[in-house]
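Engineer: Two chains, two frames, a set of hints: combine them into the complex.
As a plain string of letters, each chain reads:
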Amino acid sequence: MDLLQHRSAKTAWGMRAAWLLLALVAVLYCGWRFSGPSPLQTNLLALLPATEADPVAEKAVDTLASALGDRTVFLVTSHDDAHAKAAAKQLGASLQKSGAFASVTAEVPPFDLSQIAALYLPYRFGLLTPADRAAIAGSKAPDAVLRDVLAQRIYSPLRGGLTTSLADDPFGWLEHWLGNLPLATSNLELEDGLLVSHQDAHQDGHQGTATSVLIVATLPGSAYETKTQHAVLAALSRGERSLKQAFPDVSVARTGAVFYAESARSASEREVHLIGLASLVGIALLMMWVFRSPRLLLLGFVSTALGIVCALAVTLLVFGKLHLLTLVFGASLIGEAVDYSIQYFVVYLGAGRNWDARRGARAVRPALSVALATSLLGYAILTWVPFPALKQIACFAMAGIVTAFASVMWLLPALLPHAPKRSPRRLFERSARLLRVWHRLIGGKRAWIVAVLLLIVAIPGWLRLTSDDDVHLLIQRDPSLVAQEDKVRNAVGIDNSAQFFVVRGETPELVLERAEALGAKLDALGGTSNGVGGYQSVAQFVPSAQQQNKDRALLAQHVFDDTAALRATLLQAGFKDEVADAWIAAEKNAQTKPQALMTVDQWLAAPWSQPYRHLWLGQVDTATKVYAAVVIPQGVTPRNEAALIATARSVPGVAFVDKAASVSKLFGAYRVDSGWWLGGALTLVLILLIVRYARQQPHSGHAAKEAPLAHRVRGGIAVTLPVLLAVGVTLAVFGYARVPLNLFNWLALMLVLGVGANYAVFLREGCMRADSDLGAVWTGVLLSAATTLLSFGMLGMSAMPALKSFGATLALGIAVSVLLAPIGMPSESRRAA
Amino acid sequence: MAMTNSGMRWLNGLRACAFSFAVASALSVPAWPACAASTDGNPALVSQVASHLAQAKGVRAQFTQRQTLAAMKQPLVSTGSLLFLRERGVIWRIDTPYKATYVITDAGVAEINANGQRVTTHSAQGTRGVAQVSKMMRAMLGGDLSALYSQFDVQAEGSAAHWRLQLTPNQPQLAQSIKGLQMSGGDFLQSLRIALANGDTTQLEFSKSEAVSEPAVAERSLLGAP
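Note that the protein sequences, when read in sequence, are chains F and A.
Note that the working numbering gives residue 821 to position 829 of the first sequence, counting from 1, and the numbers run on in steps of one.
In short: position in the second sequence from 1, add 88, done, that's the working numbering.
Some hints here could point you the wrong way.
Unchecked claim - Derived lysine to aspartate or glutamate pairs resembling DMTMM-like cross-links, with alpha carbons at most 25 Å apart: (1) A:Lys161 with F:Asp569; (2) A:Lys161 with F:Asp140; (3) F:Lys51 with F:Glu508; (4) A:Lys161 with F:Asp135; (5) A:Lys161 with F:Glu570; (6) A:Lys187 with F:Asp135; (7) F:Lys513 with F:Glu50; (8) F:Lys479 with F:Asp241; (9) F:Lys513 with F:Asp46; (10) A:Lys267 with F:Asp161; (11) A:Lys161 with F:Asp160; (12) F:Lys617 with F:Glu501.
Worth flagging that the hints you see were computed from the coordinates, not collected in a lab.
Pulled out of the complex, with its shape left as it was, chain A reads as follows (with noise of 0.2 Å):
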């Protein structure tokens, strides 16, 4: 049913999103324009985090994700790396607790498990809505922040080397689910929290962000051809 739709495609696609346009935003641009002090230049903020976003082509990190959840004794860690590049997709390799590497395309959503192979488990519901998710990320990057605003409303303080975003849920459908994002960062994306409606949490860290513009040969399969 249709009215479903909007509401799983950004649940499906929103740790991806979120982490996507978080990373590729954390690429350091030496000279940001000396606005630096602007505390309610939030829009102008946001749009220049865009646009700079626009010369970025790709961004290799470590992540630690810290998950807070109602049905768990203790939050639960797990750490990996990711490769995120703005014409192709996104690679999300877990090293703890268990291996697994994710990899997300317009083409859709597919699972390498711990022998190489690909599987897709997810439903056509859910890919659909991720490629259709990655597509919109590529217009937000591109500059184009309508797809963004359309759901979020988006708060920006600080300045350009120590900014922080939040973003709330301007949709009753995708409030239904989600509390609230926020992120923060300097010259990369350090932190980025997700709030869920029903309590728990995911938070995530990055180190260790460097500017690629290739992938690795291994990884240009995984991709795909482009």
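Okay, chain F solo, but in the shape it has when bound (with noise of 0.2 Å):
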């Protein structure tokens, strides 16, 4: 005896130890990860699989972007036209001094029209309006067009945008060119150096034009860095409070995307304290009210905090950073991992003297096995499908609980060698004078009839189910920075699209090239209901070599096949003859240099280019040498996007990318396809359960071998009952309530599935046990469902809300099937006496 006891003991120290040093190794490593740069992931972007089959669109997307994500916006409005211009120059000069931005543009320093001339005038020769080209084409008398195009350029009394001087472009066909380059495209003035809108605005009770001054930033690092995030917020509020002390009247609006990541990720930190805090209290309280231990509660808490830690570091390990979203999930698994220290406990707690922990821990060891089988294969189940942070969520899960799993069966034990000091009775007898009440109410053939009933109460609202998989209803943005955000846009006056067309092509003329048949096609809308109302593409501020090289010899063989007619006209309408000689020997000479044609890296290298540059991608594809380039219309409506897809269809190389819509449509195509799965995983649970269940034998009075099919299922039947019809049951409350479906309501069906069952599992494993005190197990599922309802109900109550659709079904699927958990029961003769 004394030997035994020593082993167990030492058993029992060695276990301990172990554990301990699983733990530490656990803690450590997540502690070096996060002393690190942050592992944390806030970007909710990243939660999106890549919908594009095609790559290119694909970095297209991300490209974009990125070019708009690290701008910051800032207006500074007022009535005052001078308040509002000396408060921009103030708030730039603070922000700049903050050092929480690499740069700060308020006071803009005055441009060089000229430089925009300047880059396209060596080649004039082959830049063409397609109305010139067809007047000078189709001119039947090009000496009279000629003189005609003359005349309207010297006498005119408007003169477009950028003008060409009139020795370098007598015909005015450059400045026609540069009249349609898409750069003016916004409500914005140049007025003191400062970028200003005036508009008729309401403010403060008073109506009248409003001065906004645009001040533009951009940020140092990634707008989803939390120390960036910091830093930008500390400098415009310290920014903001000294303005609001200078200029009263001033108000200033704010976007970027560094302020829609700050806000989800204090909001998802709050929610992860939130939750993971109220769960931990409620559980505490839950467990010390029934259980009346202390030790109890520590134990429990031991086994959950392994948990949660060794799934942090597994996650971490194979993910290499860790999501938010994971986090908040994370905090509400507290309390399914609690769940099988409860069951232990229960056990302890109804063994009363003779206590062994082994023993007891053999004994609860086929209930935790059959639950912990049931969770995994829910969770399993989200790994399937692509979506980065759900299969975040499944390895996060799956860890923690099979490391509580693993604490309960071989830590536990060594930490409860003793046999427990009080026990609940009371409480234990209440509950099972409750559960034999309620047993017989809903129990054995009953069951049958309630399945029935609830059916027929279920059907209706399952034909009043509806489903929007919209991922605007998914991810949810701040409504106040929306509010700012758009009325920065009205002030600016653009119209971003978040969608686009993507070109791309083995060389960059052939990318040119097929811009340039888009656009064609998109002018070709202009007129129609289709029409998008106008576009920018690379093609306009550089077209094509062939373009050009038509253009060149439509003038050579229209304009210059006659050069002493055309000296004459010159002559005739006044020009100098040293200024006609002059540009006729320039055409002369880019003639014989034909390779002096106007390329795609010269216009990046003009430095007034740079708001433009994302329109070109360049290579994306070292391997394959793919070209792309971007063509962003101006406004996509759903009335004219079906035109502008076939369009993209009609064009080779073109594709027409809408992520917001893709992502949609994934989500649509994986809600259908998951009403498959689920029914997949409900046959899979049903075999597990029979052939776990099966080896009932029925009572003696049949010949034991001989045991009918019918028999054998039943067992398995009836426990997958309970959670068949919570299933059903939330898909009909769903229904009734008007709340349309998506994607995560059905995942969350899963889960469901994957959770639910375990409390019929626990109730009837409980009965199924030797000594088993009915009480002690009711009163255990009942602890184990309150705490996993606290904390996924707490998930219900979140902000993000694809976590709230998650979090209410699979709270409503957890209380019915704890409700109709003793249907699972086996029947009074069967139990073991």
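Structural biologist: As structure tokens, then:
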């Protein structure tokens, strides 16, 4: 006896040491990871899967997002013009001084317009607008036409935006071409070196013209880094405070990816803390109330903490980064991980004086194993969906509950060697009575009646089910930030579209040609109801070599074929001899140098092209040498979208990208598929439970060997029935409540299957145990359910719609499956005496 | 790019703006208050002009335009007539050396060629710039001179009977293209001189100015619906 005790004591210490080591390793690893650059990912866009079958299009989305995402824009508005400008200068200076931004542009240096014309001047003989092209090509009497064009140019009272000198461009062709550049697309003007917009606005009770001054700033790092976010917000609040003192009538609106990221991150962090804390406190209170033992509470938390820490470590190891969404979900995992220890404690308390830790663990092992298997199955299905966040959540959850299970099986017995001192007898008796009453109501044969009743009630609910896959429902943005962004948009006048065309080709020239073809088609749509009202494309800034050569040939053929006549026309209009000669000589020069065509690289090198460089993606894929460019249409509405998609298909190498719609479509496709997967999972769970509970021999009275199939499967079916009905009832409730379902609801139903099955399993296993106290078992089941419900219920109150759907579905499903769990109990005759 | 917007807008609408302002100010209002001999009441004189303009509905006049351009052997001369209506817009009709009509309204700029067809050869940015300028002009003529002062330094000399205005751009963007405007007149605007930064100048002489309140029937269709 002593030797046995001694040996078991040694193994107990060995076990404790091993687990302590594991815990230390995990904690140290996590600590090391978090002490370095934060492994936390807060970018909600990272949640979304790659939707485009085309990696080039995917890269285009990313490039555009990053090109526009690093910009932060502030709008300083006031009814008083001078105040607005002075305030803007002050704010710009204080933001610059704070060092939170890489660059702050409030005052714009005077811009030399002639730079733009200067870039194109050497290539002017290849740049013609379609109207000029038609005029030159179609003219029957070229001399007369040229004279008219000259007269128009010289005598017109209006000159287009960018002008060219008469000597360089007598006919004004280059000037017309420059006029077609998509440069001025905003309401902004340059006043006193500031970018200003004047609008009628209602502010602080008085109507009138408000002056808004724009400040553009760029970030030193990613908008998703916590450090950057904090620095930006601190600098901004300091600047705004001093502004309020000096100019109380001035308001500041802000927009930029960094603000949305910060708002999402702080909301997530709040939720992690809230859910975690509420779960812990609630679970502690519940366990104290039931078990009346702080020691058990402590052990329960040890097991759960081990689970969470190991889950963190494993997820960081596997994925490298941890998304905040995973953390929020992980906080709600506490309620589920603690279930395993609760079951063990129930056995502990029910055993009384003859408590042997290892025997207790063996007794509870079947229940925990089956529960673990069904939960793992439920989470494993999540990994199949190609959403990075869901895979992470699944990994986290699986690692967590496996560790919790392992700690209950091996660590807790080492920590609970002695018999319990007290046992909540009265509580167990009361709950046993409750169970008996409830079981009499719904258990045994009456289960089928209950099932049929529930089905009848549920079916109308199912018929009312609707679905909505819109991705905007799932990723919500702070409404005050959205309002400010709208203000900025209205002032600046840019209609920033998230939908665009991606043009690809093997060479830059091919990309330009295709972009031109697309542009021509978009222009054709221009007059109709499908028109987009304008677009930005690289081909507008840099025509393809093909086009430039064509225009050169046209000019050579129609205008410069007879240089004497041309010269005479110019001189007749009044040009000086040397001016006319110089121009004609320039054209001859350009003709003899056919290589001197305008290329994209030259345009990219020009300083003024900076705001438009995102239109050219360059070489996207070095392996396949694919070049790509982006064409951004100005106004995409649901009405003209179909026409745009058709246009994209009609030009080779062009794809229409609409990330939001693609994701919504993907969500929808997976939602439909997940219905089938749920069915498959249900079948698997059913088979698993049938196999488990088929070993039950029917009561003696029948020949033991000839148990019919119906008898054998009855156990498994009875245990699966509660969770099956739970899924049905949950769907019905959503139908009646007119809440549209989305992918996350359906995924949560998988978990309802995995987790909800636990309770019927715990109950049945408890009943099948040799010396079990039904009251204790039922208390354990109810307590487990309560802790899980608490955690997932808190998740259902999350501000993030995706998590809200998850939590609400889970909570509802689990509640119903617990209520119906007694259906799974073996009938009186089968319970071991 | 926003940076070039203002410059382009102003260049585009410059002549239209300047002409219209000048022309409208030529409306003769017989009895101007007797602060006649003020030489340094610049803002006062300018605002007087503007406030009197608030009463002007429209003007019809003949013009002679003389351009001195670096690339040309000789100065270029064109003549024609114009109609300015504060609420509707401007019709600029060139008679010599070639016939063309330009219509500037809030909606944009259109050119009517010799066959009477509407030809819009001007770019989107250009027309928007002009539309903005004409809107600004109307505000100015309504007495709100802030937009004018935000782009120009205005100096006025003389008296109500014989005044001279000198406009110098105070925005560096605008100063790149325009050196200055000079207007002079008495009861009517007599001359307008635009000096461009590259050395070219345009001189406009107005004659036979008369007030109108309604356009002729043919012109009404050109200007479009009010």
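Engineer: So, for every hint listed, does it hold in this structure?
Structural biologist: Status of each hint after checking the structure:
A C-alpha spacing of about 8 Å is found between lysine 161 (chain A) and aspartate 569 (chain F), which places the hinted pair at or below 25 Å, so the restraint holds. Our distance criterion of 25 Å between C-alpha atoms is met by lysine 161 (chain A) and aspartate 140 (chain F), whose separation comes to about 19 Å. Our distance criterion of 25 Å between C-alpha atoms is met by lysine 51 (chain F) and glutamate 508 (chain F), whose separation comes to about 22 Å. Restraint check: the Cα-Cα separation between lysine 161 (chain A) and aspartate 135 (chain F) comes to about 21 Å, which is no more than 25 Å; the hinted pair holds.
For the given pair, lysine 161 (chain A) sits about 10 Å from glutamate 570 (chain F) by alpha-carbon distance, which is consistent with the 25 Å threshold. For the given pair, lysine 187 (chain A) sits about 17 Å from aspartate 135 (chain F) by alpha-carbon distance, which is consistent with the 25 Å threshold. Simply put, lysine 513 (chain F) and glutamate 50 (chain F) have alpha-carbon atoms about 24 Å apart, close enough for the 25 Å limit, and the pair holds. With a CA separation close to 17 Å, the supplied pair lysine 479 (chain F) and aspartate 241 (chain F) stays within the 25 Å bound.
For the proposed pair lysine 513 (chain F) and aspartate 46 (chain F), the alpha carbon gap of about 23 Å is at most 25 Å, so the pair holds. Restraint check: the Cα-Cα separation between lysine 267 (chain A) and aspartate 161 (chain F) comes to about 22 Å, which is no more than 25 Å; the hinted pair holds. For the hint linking lysine 161 (chain A) to aspartate 160 (chain F), the alpha-carbon distance of about 15 Å falls within 25 Å, and the restraint holds. Restraint check for lysine 617 (chain F) and glutamate 501 (chain F): the C-alpha separation of about 13 Å stays at or below 25 Å, so the hint holds.
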